[in-house]
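Participant: Here's the letter readout for the chains.
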Amino acid sequence: MTEAAISIAVLVQSDDFDPTEQEAALLSAGAGVGAIVAFTGYVRGHSGGSTVERMELEHYPGMTENAIRGIVEQAAQRWALGAVSVIHRVGTLRVSERIVYVGVASAHRGDGFAACEFIMDYLKTRAPFWKKEYTEGGERWVEARQSDSEAASRW
Amino acid sequence: MTEAAISIAVLVQSDDFDPTEQEAALLSAGAGVGAIVAFTGYVRGHSGGSTVERMELEHYPGMTENAIRGIVEQAAQRWALGAVSVIHRVGTLRVSERIVYVGVASAHRGDGFAACEFIMDYLKTRAPFWKKEYTEGGERWVEARQSDSEAASRW
Amino acid sequence: MMRILFFADFREQLDTRQLELELDESCTVSTLIARLIRQGGENWRRVLESDNLVIAVNQTICDAGKNLVDGDEIAFYPPVTGG
Amino acid sequence: MMRILFFADFREQLDTRQLELELDESCTVSTLIARLIRQGGENWRRVLESDNLVIAVNQTICDAGKNLVDGDEIAFYPPVTGG
Chain A
1 MTEAAISIAV
11 LVQSDDFDPT
21 EQEAALLSAG
31 AGVGAIVAFT
41 GYVRGHSGGS
51 TVERMELEHY
61 PGMTENAIRG
71 IVEQAAQRWA
81 LGAVSVIHRV
91 GTLRVSERIV
101 YVGVASAHRG
111 DGFAACEFIM
121 DYLKTRAPFW
131 KKEYTEGGER
141 WVEARQSDSE
151 AASRW
Chain B
156 MTEAAISIAV
166 LVQSDDFDPT
176 EQEAALLSAG
186 AGVGAIVAFT
196 GYVRGHSGGS
206 TVERMELEHY
216 PGMTENAIRG
226 IVEQAAQRWA
236 LGAVSVIHRV
246 GTLRVSERIV
256 YVGVASAHRG
266 DGFAACEFIM
276 DYLKTRAPFW
286 KKEYTEGGER
296 WVEARQSDSE
306 AASRW
Chain C
311 MMRILFFADF
321 REQLDTRQLE
331 LELDESCTVS
341 TLIARLIRQG
351 GENWRRVLES
361 DNLVIAVNQT
371 ICDAGKNLVD
381 GDEIAFYPPV
391 TGG
Chain D
394 MMRILFFADF
404 REQLDTRQLE
414 LELDESCTVS
424 TLIARLIRQG
434 GENWRRVLES
444 DNLVIAVNQT
454 ICDAGKNLVD
464 GDEIAFYPPV
474 TGG
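Chains as they are written, first to last, in this note's numbering: chain A, 1 to 155; chain B, 156 to 310; chain C, 311 to 393; chain D, 394 to 476.
Honestly, the hints are just simulated from the structure, not real lab data.
The structure presented is a predicted model; accordingly, all values stated were derived computationally and were not measured.
For glycine and all other residues, C-beta sits at the position ideal for the given N, C-alpha and C.
Hints are all accurate, no fakes.
Chain D side only, calculated, beta carbon under 7 Å to chain B, not exhaustive:
1) PHE400
2) ASP402
3) PRO472
4) VAL473
5) GLY476
Negatives, chain A to chain C, calculated, CB over 10 Å:
6) GLN13
7) ALA25
8) GLN74
9) THR92
10) VAL95
11) TYR134
12) ARG154
In isolation and in its complexed conformation, chain A is listed as follows (with noise of 0.2 Å):
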């Protein structure tokens, strides 16, 4: 599991994926992987006192994939990873679907725990995504978060 064996995905993509199928795909990195660090990010039913309905999702095709592989290989420098897994989906997502899928394979537990949270960290704040929501009083383009550069700015 050296460094130039990590093995990158990075789909944006409308349709659902299944995790467990991610996690095969990340352990074929071979048998010095001991621990993958899974986040899955999901619509949640409630933003800011209303109940939302449902959520568009816009990115700048291109670019996108190239920030995400972008921050991938930053956090491949820093922390010794077999492979990596991100999924992000756009269109259409209601209440509790899947999001986003930052998957990580690595020998140990710590590299993976730091460098999952480092993607999805980096990824809010510097891939180009747009989330709207949709929710009983309309609909609102979602606003960036101050917590999330902060997050970000840890790192």
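Using the hints provided, position chains B, C and D relative to the given structure of chain A.
Facilitator: Chains B, C and D only, in chain A's frame:
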């Protein structure tokens, strides 16, 4: 997703399990779940220069489950969690098989990352499980690692 | 020719997803913005002078001083909110 | 009656998974250990005086000064290595 509503599942079993099914169960904590952080530990194929053929995992029935539940309850006091599921396998496990799963559902990802890593670090040093490795060169009980004590003492 | 892209809230406010313009001589992103505001009016000023404006040239984030050359792809968008 | 359990490496070294003993009067874990070594010999001394010995009474970790009462379950095991 108040603290009172947290749902905790702890299983010690010889059978394998499906992470996607675990995730579905965690999601049933409700529409407030925005994040699931899941750690899965695997049998590594190498240990201290030897090729591992299989492992035997022993535990202390009763105490193990109570210890894990106590660790999860500590986590639930420190972070805002919706549901936690811990599965630890015992018996014979081969290379690349799952050993342990810790899944944490929460509204926000920071709580999930911290709680999942905390639970793993504590489980590693406090839950009564013991691993025996079978390699080409024979069998041996795995020794406790200083790095695991250090990881747990951070919290 | 430059390709200019707008995303999310900005795309909706300007009712414009994409436009193509001939490159002016010695053009920077700033001079492009000034030209778009001159042509588009108050609505365009509000978007392109927003504190929230993010600029990417050829899919790399940069500031308004960036020089543009023929064939560049310039994107204007608000802070990202994915994940 | 006390139930005494051994796990992992200790279980193998002593070839004993579990044994039951009548409680002595005013017994602590220390006096129990001394009695087991007296009965068992050098092999038992090596395990029960090991720096690695973890003691649990009624499934709660404690030290050798812990007082024992009738019905207690005492476990001796090495540092845990799960996860």
